[in-house]
Amino acid sequence: MPGAMKGYSALALLKGGFNGHKSWPRAWRAPEPKAFYDVVIVGGGGHGLATAYYLAKVHGVRRVAVLEKSWIGGGNTGRNTTIVRSNYRLPQMQTFLELSLKLWEGLSQELNYNLMFSQRGALLLGHSDSDMTRLAELGDSLLTNGIDAKRLSREQVARLVPLLDMSPDARFPVHGGLIQPRGGTARHDAVAWGYARAADALGVDVIQNCEVTGIDIQGGKTVGVQTTKGAIGADRVAICVAGDSSTVAAMAGLRLPIESHMLQAFVSEPVKPMINTVIMSRSIHCYISQSDKGEIVLGGDPDLYPSYSKRGIPMRIEEVAGQAIGLVPALSRLRMLRCWSGVTDMSFDGAPIIGKTPVENLYLNGGWCYGGFKATPGSGFVYAHTLATGAPHPANAPFGLERFASGATIDEAASGPQPQSR
Amino acid sequence: MFLIACPHCGPRSQAEFVYERAEEAVAYPDGTPQETLAALYTRANPRDFAWELWRHAYGCRGWIRMRRHRTTHEIAEIEAVGARL
Ligand SMILES: Cc1cc2nc3c(=O)[nH]c(=O)nc-3n(C[C@H](O)[C@H](O)[C@H](O)COP(=O)(O)OP(=O)(O)OC[C@H]3O[C@@H](n4cnc5c(N)ncnc54)[C@H](O)[C@@H]3O)c2cc1C
Ligand SMILES: [Zn+2]
Numbered sequence: 037m038p039g040a041m042k043g044y045s046a047l048a049l050l051k052g053g054f055n056g057h058k059s060w061p062r063a064w065r066a067p068e069p070k071a072f073y074d075v076v077i078v079g080g081g082g083h084g085l086a087t088a089y090y091l092a093k094v095h096g097v098r099r100v101a102v103l104e105k106s107w108i109g110g111g112n113t114g115r116n117t118t119i120v121r122s123n124y125r126l127p128q129m130q131t132f133l134e135l136s137l138k139l140w141e142g143l144s145q146e147l148n149y150n151l152m153f154s155q156r157g158a159l160l161l162g163h164s165d166s167d168m169t170r171l172a173e174l175g176d177s178l179l180t181n182g183i184d185a186k187r188l189s190r191e192q193v194a195r196l197v198p199l200l201d202m203s204p205d206a207r208f209p210v211h212g213g214l215i216q217p218r219g220g221t222a223r224h225d226a227v228a229w230g231y232a233r234a235a236d237a238l239g240v241d242v243i244q245n246c247e248v249t250g251i252d253i254q255g256g257k258t259v260g261v262q263t264t265k266g267a268i269g270a271d272r273v274a275i276c277v278a279g280d281s282s283t284v285a286a287m288a289g290l291r292l293p294i295e296s297h298m299l300q301a302f303v304s305e306p307v308k309p310m311i312n313t314v315i316m317s318r319s320i321h322c323y324i325s326q327s328d329k330g331e332i333v334l335g336g337d338p339d340l341y342p343s344y345s346k347r348g349i350p351m352r353i354e355e356v357a358g359q360a361i362g363l364v365p366a367l368s369r370l371r372m373l374r375c376w377s378g379v380t381d382m383s384f385d386g387a388p389i390i391g392k393t394p395v396e397n398l399y400l401n402g403g404w405c406y407g408g409f410k411a412t413p414g415s416g417f418v419y420a421h422t423l424a425t426g427a428p429h430p431a432n433a434p435f436g437l438e439r440f441a442s443g444a445t446i447d448e449a450a451s452g453p454q455p456q457s458r
Numbered sequence: 018m019f020l021i022a023c024p025h026c027g028p029r030s031q032a033e034f035v036y037e038r039a040e041e042a043v044a045y046p047d048g049t050p051q052e053t054l055a056a057l058y059t060r061a062n063p064r065d066f067a068w069e070l071w072r073h074a075y076g077c078r079g080w081i082r083m084r085r086h087r088t089t090h091e092i093a094e095i096e097a098v099g100a101r102l
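These protein sequence lines are chains Y and U, in that order.
Numbered by our numbering, the letters in the first sequence go through residues 37 to 458 in order.
Numbered by our numbering, the letters in the second sequence go through residues 18 to 102 in order.
Chain U extracted, bound-state conformation (with noise of 0.2 Å):
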């Protein structure tokens, strides 16, 4: 397990937080068909970093963005989702 800076909440538990999906996993409503079937069924599902979106399900409930090391959980960047809008 590991602990992840919540935004809100500072550092938590990972077992309040919940893996929502990959960041390119997003489909987007404008998105083309083919755009839209990658979104859906193809991953990079690297061995290092990738970006995720988690939510912080048993805590302040918000949504999150992460760059997170898939072997060592190495979180690099987090930021709530939508920070930069």
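Chain Y with its partners taken away, still in its complex shape (with noise of 0.2 Å):
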């Protein structure tokens, strides 16, 4: 039944503890699609997820599916190193991610599901004299939009974070940092999760082991999918799919500005706390942090071509280990856990497609490359105000397909067109 969820709270879980836990319902229901539906969500990520949660509550669309074709959250949501923050240097980018930050900070109460959402901080490392410019520039040009930021010296770094390797001969010699004390983390799966029992409460139907396999157009407008659970209709259609958005719009004869590639993910064996921040750097692409459950997480470069492959390459996993013991040498006495990739969607700016597409009811969310889970809340909030209003929110306006073509790209790296050189 929508509308039946049952509140988490402390109590409840007292209470639950007098019965053995057995009075939970389920968190959301296993429905069969219908035949028709106001809008089909294709994905069920976080950002479709999301999209839908957003629809019902914000803009009242509650005759909403979405269609996953495995399990929710098992693709990037799933597979990422958690990192959240708005410290970007584009203005459109700031103003989108820090939307997005915003409902962050709400969203664990909002949803009632424990995000463990962690304002940790997130911490760029200058390695140079030009690090240290372009971290000075980055920081003016968030406070300036009224983005939290703080430049803090070598001291103050090697304070925060003692384990760094501050030696005369380190690897990667500090000279400070810039920090988002904002920024932080959050346990990915109860995104996913969080979302899709809040939706359903709604009535939206989450519909898993559906795989969306065909776009109905007729008379050039968007009228429905095939699907392995057979042919569903509807008033407009979503893609949200991540790495399988060229995919999925190729089932409408669209060329998408996106190549999908992999990138990896590590973590070590559970340690007690060493890390009490995010770790990035201004030169090397190695990211750092520890999660609640005491692993520590380690990401990079992606593997810079195409693939679909979800494995990554080992020489990778060294290239990443050894930056991070670079950095923190204490990381070299602890044994890897586990390694996974998943597919990324790069766009040929660096920055997300949200909006409509050349074919009329047919829309896209996607290009997320790979720091797409920080904009999880504002890309479902905008994508669902540009789907219940057919017309784009002002924090994605800039976000359009159309503007590879006029030539208004939104290149965060200025590193042109090409995926592998970003």
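Source of the hints: derived by calculation from the structure; they are not laboratory data.
Covered by chain Y, according to a simulated footprint, are these stretches of chain U (three or more residues, beta-carbon under 8 Å):
1. 32-39
2. 59-66
Estimated spans, in silico, between C-beta atoms of each pair:
3. U:MET18 with Y:PRO204: 35 to 41 Å
4. U:GLN51 with Y:GLU448: 24 to 30 Å
5. U:GLN51 with Y:ARG207: 47 to 53 Å
6. Y:ASP74 with U:GLY76: 54 to 60 Å
7. Y:GLU355 with U:ALA22: 21 to 27 Å
8. Y:ASP74 with U:CYS77: 56 to 62 Å
Cβ atoms here follow ideal geometry from the backbone N, Cα and C, with glycine treated the same way.
Two chains, two frames, a set of hints: combine them into the complex.
The structure is reproduced here in structure tokens:
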């Protein structure tokens, strides 16, 4: 029954303790698809589920289905290194990601689901004079636009992360840093589950093991989808499939400015707290944080060529481990526990695409590259706005597909149209 | 990782090579604005075979054309760029 969500609270947990936790209802239903929906969302990752939630919650559009080919959150939502921040360089990215970060800040309460959102700070290290100049420029631009940023001296960085190599012959000498104190991490699975549960309670059908295999277009208008559970009619179809964006868009004859590449992540055995912030670097693509379980979470460069294999290359593991040990030598004592890989939808300017497509009633949300987890709430919020009103929210107006033809690309890394060079 | 049979050097580790671009991404100086736009900003990005340009960056530095499967990494055809000229 939609609307029958049982609230999670300390009291409910205590009560559950008296009956062996047998009274908890399922968090969301497992409905069969209906013949028709106002909006069909293709892809049950964090973005698709958030879109469904805001459609129902903010816009009162409740005849909504989320179709997921496997299990919800099993794509990049469940594979990322969970870093959340809004300290980007370009104003369009800042505005959009800050909207997202503000939503993150109240989200556990709003969804009544513990997302373990932890604002432990996102630190960018500078390793040279020019790094420090770029960090100062970034900090000024963030502060001017009302986003938190704090420049740190070498001594302040050493106090914040005592395990960094600060010796005179350090592999990556630390000159200082820039921290976004409101940045941090969240529990990725919980984001998918929290949105699914809240959307379900508002009447949204979350349908797993339902792969979209075709998009039905009549007289130039999108009228529904073909799926492994049969045909489903829809007033609007919303693509939200991250690494599979090109495959699904091709069902409507579209070719996107997207290439799919591999990105890997790694975790160590769990240890006692040793790193209390998110460490990133201006010069090297290595990022380090510690999960609440105690595992050290590591990420680095993508594999830099197109692939859907969901298998990373071993040389990248070596490279990331080398960089991480260079930054924090104590990590050399840890054993690695797991590594995995996800298919990232690399757009050709590094920014997402959120808006209409040339096919009527077909919408696209994709091109998240390796950075869309932080955007999950904001992405769902503006995509729902676009789907409900037929026009973009001011925060996603610059992110339309048409920007590539008009030349208004949003190139955060200023590296041109090749995804492997960003 | 996989092996790439460089037409000059024979089978070598993929680590020695750099993916340059999809062959459909080559923009020609005499192309129309539409053709150039398509080359720069649209891709088939298939889950199976695609023609690609690679370089043997840490070897002979030659440019290579190959038809590679983007899920299994099988290389069905490979030749030096310009081999047929
Ligand atoms: C290793 C790694 C580390 C990352 N680290 C970070 C980070 O630290 N911070 C950050 O902000 N971002 C990070 N990202 C990026 C981030 O994870 C993604 O940008 C984001 O999760 C995309 O969200 P999504 O919900 O749209 O995608 P997904 O969770 O991938 O959801 C898409 C869903 O669509 C489904 N689907 C596909 N095709 C079909 C079909 N035909 N029919 C039905 N369903 C279909 C898939 O099964 C999938 O579940 C990382 C990514 C990876 C791979
Ligand atoms: Zn060679």
